[in-house]
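Engineer: Based on the provided sequences and hints, a complete structural model is requested.
Heads up: the sequence lines are chains C, A and L, in that order. Counting from 1, one number per residue, gives the positions in the first sequence under the numbering used here. Counting from 84, one number per residue, gives the positions in the second sequence under the numbering used here. Counting from 464, one number per residue, gives the positions in the third sequence under the numbering used here.
To be clear, the hints were calculated from the coordinates, so they are not data collected in a lab. Ideal Cβ placement from N, Cα and C applies to all residues, glycine included. Take these hints with a grain of salt, some might be off.
Claimed, not checked - On the chain L side, residues computed to face chain A include the following (Cβ under 10 Å): (1) 539; (2) 728; (3) 839; (4) 840; (5) 851; (6) 891; (7) 898; (8) 904.
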Amino acid sequence: MSQTDRFTFNGVDIQYEEGQSIAAALINDEKRELRSTRFGGEPRSIFCGIGICFDCIVVINGVGNQRSCLIQAQPGMKVESGQ
Amino acid sequence: MQNPDAIVIGAGIVGASAALSLTNAGMKVLVIDRGAVSSGTTGAGEGNILVSDKDPGPELTLALRSRDLWFEMQEDVGDSFELEAKGGVVVARRDDAPLMKLAIEQSKHGVITQKLDHTSLHEVEPYLHPDLTSGVLYPQDAQCQPMLAAAHIIRIVMQRGGALISQAKVLRVHVADGRVQGVETTRGTFKAPIIVNATGTWAGEIAELAGSHLPIAPRKGFILVTEPTKKYIFHKVYDSDYVANVASSDADLQTSTVVEGTRSGTILIGASRERVGFDGSMNYQILRTLAAQATSLFPVLRDVQLLRAYRGFRPYAPDHLPVIGEDALVKGLWHSAGHEGAGIGLAPGSAALITDAILGRESFMDSTPFSPTRFVKVSV
Amino acid sequence: MIIVIGAGPAGLAAAEAASRNGTEVALIDSAPRMGGQYWRHRKSVTGYKSPRADLLFSKIAAVESITHISEATVWSAEREGDIFKINYLQGGVENSLVGEKVIVATGAYDRALPFPGWDTPGSMTPGAAQSLLKGHGVLPGQKIIVAGTGPFLLPVATGLAEAGADIVGLFDANSPLRWALSPRALISNLSKFFELIYYARLLNKYRIKPQFGRAVTALKDGVATVSKVDSHFSITGQQATLPTDVVAVGWGFLPDLTLGGLLVFKQKVDSDGTAIFSVDNFQLSSQRDIWIAGEATGIGGADLSLIEGEIAGLAASGQKISPTLLRKRFRKQLFADALKRSYPVQDGWRGWLSVGTTICRCEEVKLQEISDSVSELGAEDSRTAKLFTRAGMGLCQGRMCSRNVSDIVSGITGCAVTDTDRIAGSNRPIAEPISLGQLSDGNIRL
Numbered sequence: 001m002s003q004t005d006r007f008t009f010n011g012v013d014i015q016y017e018e019g020q021s022i023a024a025a026l027i028n029d030e031k032r033e034l035r036s037t038r039f040g041g042e043p044r045s046i047f048c049g050i051g052i053c054f055d056c057i058v059v060i061n062g063v064g065n066q067r068s069c070l071i072q073a074q075p076g077m078k079v080e081s082g083q
Numbered sequence: 084m085q086n087p088d089a090i091v092i093g094a095g096i097v098g099a100s101a102a103l104s105l106t107n108a109g110m111k112v113l114v115i116d117r118g119a120v121s122s123g124t125t126g127a128g129e130g131n132i133l134v135s136d137k138d139p140g141p142e143l144t145l146a147l148r149s150r151d152l153w154f155e156m157q158e159d160v161g162d163s164f165e166l167e168a169k170g171g172v173v174v175a176r177r178d179d180a181p182l183m184k185l186a187i188e189q190s191k192h193g194v195i196t197q198k199l200d201h202t203s204l205h206e207v208e209p210y211l212h213p214d215l216t217s218g219v220l221y222p223q224d225a226q227c228q229p230m231l232a233a234a235h236i237i238r239i240v241m242q243r244g245g246a247l248i249s250q251a252k253v254l255r256v257h258v259a260d261g262r263v264q265g266v267e268t269t270r271g272t273f274k275a276p277i278i279v280n281a282t283g284t285w286a287g288e289i290a291e292l293a294g295s296h297l298p299i300a301p302r303k304g305f306i307l308v309t310e311p312t313k314k315y316i317f318h319k320v321y322d323s324d325y326v327a328n329v330a331s332s333d334a335d336l337q338t339s340t341v342v343e344g345t346r347s348g349t350i351l352i353g354a355s356r357e358r359v360g361f362d363g364s365m366n367y368q369i370l371r372t373l374a375a376q377a378t379s380l381f382p383v384l385r386d387v388q389l390l391r392a393y394r395g396f397r398p399y400a401p402d403h404l405p406v407i408g409e410d411a412l413v414k415g416l417w418h419s420a421g422h423e424g425a426g427i428g429l430a431p432g433s434a435a436l437i438t439d440a441i442l443g444r445e446s447f448m449d450s451t452p453f454s455p456t457r458f459v460k461v462s463v
Numbered sequence: 464m465i466i467v468i469g470a471g472p473a474g475l476a477a478a479e480a481a482s483r484n485g486t487e488v489a490l491i492d493s494a495p496r497m498g499g500q501y502w503r504h505r506k507s508v509t510g511y512k513s514p515r516a517d518l519l520f521s522k523i524a525a526v527e528s529i530t531h532i533s534e535a536t537v538w539s540a541e542r543e544g545d546i547f548k549i550n551y552l553q554g555g556v557e558n559s560l561v562g563e564k565v566i567v568a569t570g571a572y573d574r575a576l577p578f579p580g581w582d583t584p585g586s587m588t589p590g591a592a593q594s595l596l597k598g599h600g601v602l603p604g605q606k607i608i609v610a611g612t613g614p615f616l617l618p619v620a621t622g623l624a625e626a627g628a629d630i631v632g633l634f635d636a637n638s639p640l641r642w643a644l645s646p647r648a649l650i651s652n653l654s655k656f657f658e659l660i661y662y663a664r665l666l667n668k669y670r671i672k673p674q675f676g677r678a679v680t681a682l683k684d685g686v687a688t689v690s691k692v693d694s695h696f697s698i699t700g701q702q703a704t705l706p707t708d709v710v711a712v713g714w715g716f717l718p719d720l721t722l723g724g725l726l727v728f729k730q731k732v733d734s735d736g737t738a739i740f741s742v743d744n745f746q747l748s749s750q751r752d753i754w755i756a757g758e759a760t761g762i763g764g765a766d767l768s769l770i771e772g773e774i775a776g777l778a779a780s781g782q783k784i785s786p787t788l789l790r791k792r793f794r795k796q797l798f799a800d801a802l803k804r805s806y807p808v809q810d811g812w813r814g815w816l817s818v819g820t821t822i823c824r825c826e827e828v829k830l831q832e833i834s835d836s837v838s839e840l841g842a843e844d845s846r847t848a849k850l851f852t853r854a855g856m857g858l859c860q861g862r863m864c865s866r867n868v869s870d871i872v873s874g875i876t877g878c879a880v881t882d883t884d885r886i887a888g889s890n891r892p893i894a895e896p897i898s899l900g901q902l903s904d905g906n907i908r909l
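Structural biologist: This is the structure we're talking about:
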């Protein structure tokens, strides 16, 4: 059984297994809506899954436009919905 | 279109503005472009409408009037190109005496200026580096989206009886008895007694086709575009090195710092000037220099990501003044070209000068300093 | 030293081949593990013929002269005379690799077509579903529809089913009868029948019945609309609505040509309308000392990528290339051409759109805005349409929408998309976002 740990998403604790991306952990926890778009406020989720489309962007520890499908979850990360 | 009253070659911002001005004066105008609307330098610009970067003189006079005409054009065409009087802030990096001296001179010639000390500088631009202590605010500086502007202006021209033929390269300019007759293009031949050459960086080529000459050359520039980000920058901000670079003829690379935000949330960063002909290749060293300069003004930008960079070729004449007026040799051939990095800002003013001159009426200023005849050497 | 960019099948094969005569190789890739997209894994690769992947990984790991630089994203590449400088970001810091030869093996990404609802949560590419499952051990949802066209749908659907998902439907817009157009390719690649049987068994095991001539043409509130389409992909009217958690829809692949564009490779347009790089018989690009292998020379699948990689690796390291290897590549190229014939993407998808359908996801540009830019502002080509609407100017820099915008503009103007347009769609000076701070810190002139 892999190591599990936690990060927060919009204040909520999310469990993840070591090596999982932030997006994978969120989807596994049924937090499908990762952000809302900056003009229309439309909900978006993972789309290409490999870092090409930038739809999965979130804010990590205050830094925006981070591709959650690429970045491995780390303990204590503060993740928030992006725009 | 049969028998237009005038042909405008070039569907960039300068050509579009000229076409609108001539149309509003009652003419039937045909606009021709070898590509699509805004496919030249207009498609590679930032949309600057500045009075702040000009020394008192004919160009400043033109810029002031042209700036106001931009707002009149918005009334006419509609609020469809993000025109915004956001104002400019020029920051002095070191000795602020040259900047202050310039500002005082400018204010005597119709430019509104406001001296900024450390406190007021950081009030108008809170994210500026704390070590910067002095600057000038120019409320008249404005911004637009130039590609949209040219497109909407041409749309209005067409609504008012004008026409556009794109993807039509001019092959010949027909001249008879020292007078222009029309043009032959890859999509047809068109006759007109008046031709306006608004082809920017390529204006010299059109002049050659007419048997004349215009010494307009390209000056390459890069622009960096960042990811969309929180609003960190509230005006067009640049350092006082920008002014010196614009006026210089140095062949070497020159860079200065120009930073501004856009409606879509991205930040545009410039500016570089090089005389490398039409070599469009990427130069990462220049990108790094521009990034370093921008982050030295706004440290917060260090964490903002670059998404893309593009380049364009500014058209310039040896004396760095635009060329506006009737050709020295060929009657009926009018030039409105060579606006260097100020094409957007000067477009409607140039259009007004050209229209007045074509119609033989007095204009808001004497356009002699811009005349193409200034390049003609008198042979002994 | 040879720098190999990309550690998918092509890059791995290139690195291994080049190292056979002791040549130093730096293999750089953005993922933590080797394998690229095709062999994405957590502990070991699974799926058809997966042992060959693990074999290649261990071969490479055992070779001293190959250095694997992982989690490194290449953002630009420069050439200074005989030297290449590959600039990359790793751990938030910029670094460079310097070498005399380069092999570009950057692979491809799923091609997506817009439809109403394609931008809502639950809609993704098959590659995303595959990545979540194989790379992260996560199912994207419980009820999944896999659709689009192409052989990739098979491993995705069966892989998800093996992991416990309920595959609500597997829909390919093309008819399998199209394979009859390529008898020569089938005869030269008889081994492919075993692969087909492998998947047929899995489909049977999980009771997945593939349906052809069908496409997902809308998604709303957890309900997918599946339409019958003709050979032009136009909807012929019969529909089914299926509740589902996920629709994983993909239409083949597009190579990412950005790095090659930076290095000014000659490009051309493949028979399926995809812009690709031109290479000679030994995978050499139009620039000396740079070879290209894999999907960037034309979408062809893993078998072809492995062989192209091997040829490029041998060529770059000055080793002999056997005629057998070249013949093998030829057979695989036949198969790649057959794939293009069997799974074309037809223009009828333009009829699935409504005026409010998002076309550029990053900048939220809808179909209406693109049509207006043509009808009202006189945009005659996609470049102009993009300048007027901002389509393609967002974070993904047009990777997802550029081709679609070109096809939409073409549909409105009636003018065919030019090769120039196809090729221009992939020209970007920055391959990956880099912060202004990182960019500045690399500035040598102060």
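Engineer: For every hint, state whether the structure bears it out.
Structural biologist: Okay, the hints, checked on the actual structure:
1. A least Cβ separation of about 6 Å between residue 539/L and chain A falls short of the 10 Å threshold, and the interface hint therefore holds.
2. Taking 10 Å as the C-beta contact cut-off toward chain A, the hint placing residue 728/L at the interface is violated, the least distance being around 14 Å.
3. Given hint, residue 839/L at the interface with chain A, holds; its Cβ is 6 Å from that chain's nearest Cβ, closer than 10 Å.
4. With a cut of 10 Å, the hint placing residue 840/L at the interface with chain A holds, because the nearest CB-to-CB distance is about 4 Å.
5. Given hint, residue 851/L at the interface with chain A, holds; its Cβ is 6 Å from that chain's nearest Cβ, closer than 10 Å.
6. For residue 891/L, the interface hint holds, the least distance from its beta-carbon to any beta-carbon of chain A being 6 Å, beneath 10 Å.
7. Taken as an interface hint, residue 898/L checks out: its beta carbon lies about 5 Å from the nearest beta carbon of chain A, inside 10 Å.
8. Against a cut-off of 10 Å between C-beta atoms, the interface hint on residue 904/L holds, since the closest Cβ of chain A lies about 8 Å away.
Hint 2 alone, counting from the list given before, is not met by this structure.
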